[in-house]
Amino acid sequence: MAKLTTDDLKKHLETYEREELMKLIMDLSQMSKKARKHLSAEVKAEEEAHSLYEESKRTVTAYVSPDEEDSQPRLSKAKRTIDDYYKSTGNKELSVDLMLHFVEAGTRFATTHKELEEKFYSRMVTMYTKIVDECENDELLFHQFNERLHKILETAAPIENDYPAILTDKYHSIRWVEDQEQGVTI
467 MAKLTTDDLK
477 KHLETYEREE
487 LMKLIMDLSQ
497 MSKKARKHLS
507 AEVKAEEEAH
517 SLYEESKRTV
527 TAYVSPDEED
537 SQPRLSKAKR
547 TIDDYYKSTG
557 NKELSVDLML
567 HFVEAGTRFA
577 TTHKELEEKF
587 YSRMVTMYTK
597 IVDECENDEL
607 LFHQFNERLH
617 KILETAAPIE
627 NDYPAILTDK
637 YHSIRWVEDQ
647 EQGVTI
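According to the numbering used here, the sequence shown is numbered sequentially starting from 467.
Take the hints with a grain of salt, since some may be wrong.
Straight line, CA to CA, 30 Å or less: simulated DSSO-like cross-link-like pairs of lysine-lysine [as the list claims (entries may be wrong)]:
{"no.": "1", "residue 1": "K580", "residue 2": "K543"}
{"no.": "2", "residue 1": "K553", "residue 2": "K510"}
{"no.": "3", "residue 1": "K636", "residue 2": "K558"}
{"no.": "4", "residue 1": "K510", "residue 2": "K523"}
{"no.": "5", "residue 1": "K500", "residue 2": "K489"}
{"no.": "6", "residue 1": "K545", "residue 2": "K558"}
{"no.": "7", "residue 1": "K580", "residue 2": "K553"}
{"no.": "8", "residue 1": "K489", "residue 2": "K476"}
{"no.": "9", "residue 1": "K558", "residue 2": "K543"}
{"no.": "10", "residue 1": "K543", "residue 2": "K523"}
{"no.": "11", "residue 1": "K545", "residue 2": "K585"}
Between beta-carbon pairs, the in silico distance windows are [claimed, not checked]:
{"no.": "12", "residue 1": "Y482", "residue 2": "E620", "range": "51 to 61 Å"}
{"no.": "13", "residue 1": "Q496", "residue 2": "S588", "range": "48 to 58 Å"}
{"no.": "14", "residue 1": "E620", "residue 2": "S498", "range": "49 to 59 Å"}
{"no.": "15", "residue 1": "T592", "residue 2": "E512", "range": "28 to 38 Å"}
{"no.": "16", "residue 1": "Q538", "residue 2": "T471", "range": "51 to 61 Å"}
Note that these hints are calculated values from the structure, not bench results.
We put the beta carbon where it would ideally sit given N, CA and C, even for glycine.
With the hints as extra help, turn the sequences into a complete structure.
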């Protein structure tokens with residue numbers, strides 16, 4: 467029996483009616499555990515993405531603002547959690563949400579922990595900049611996250627270094643902010 471190529475399979479499947487395709491998919495799912503897992507992932511992708519998001523959010527919180535008095539933030543691990551989430555789901559919106567949560571949690575942590583190293587603030591600025599870049603490229607994301615982006619500025623205000631000013635400059639670099647402040651609707 468000759469090996470079936472991907473192109474041949476595609477051409478053959480294009481001739482099937484919807485009901486025939488459904489029967490074939492159901493048969494394959496019954497025959498192969500691997501096929502069943504793949505179909506399950508496809509069907510439940512959104513549900514799985516949200517479940518993983520909630521777990522990732524808790525992990526980011528634990529790494530960025532540890533509860534224990536003598537624990538230091540582990541920002542690299544928090545960032546890796548966000549990167550892994552995006553790689554697993556491809557969900558840009560929830561990935562940006564996790565990035566925003568990273569900065570929110572870090573900024574709150576900074577207001578109560580005055581002895582943080584410059585590296586901590588640098589990583590917060592880097593993450594905030596990534597969020598700003600995403601919002602600059604996607605107006606819908608900006609409108610979705612604008613209130614939280616601005617709230618971070620308010621939370622950061624009491625911090626006595628250049629962190630609040632840098633964040634404010636980054637925020638005001640988003641073109642949609644200027645349009646919003648001028649009352650321009652697009």
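Item to check | Numbered hints the structure breaks, given as an ascending list | outcome: Violated hint (a single one): 7; every other hint is consistent with the structure.
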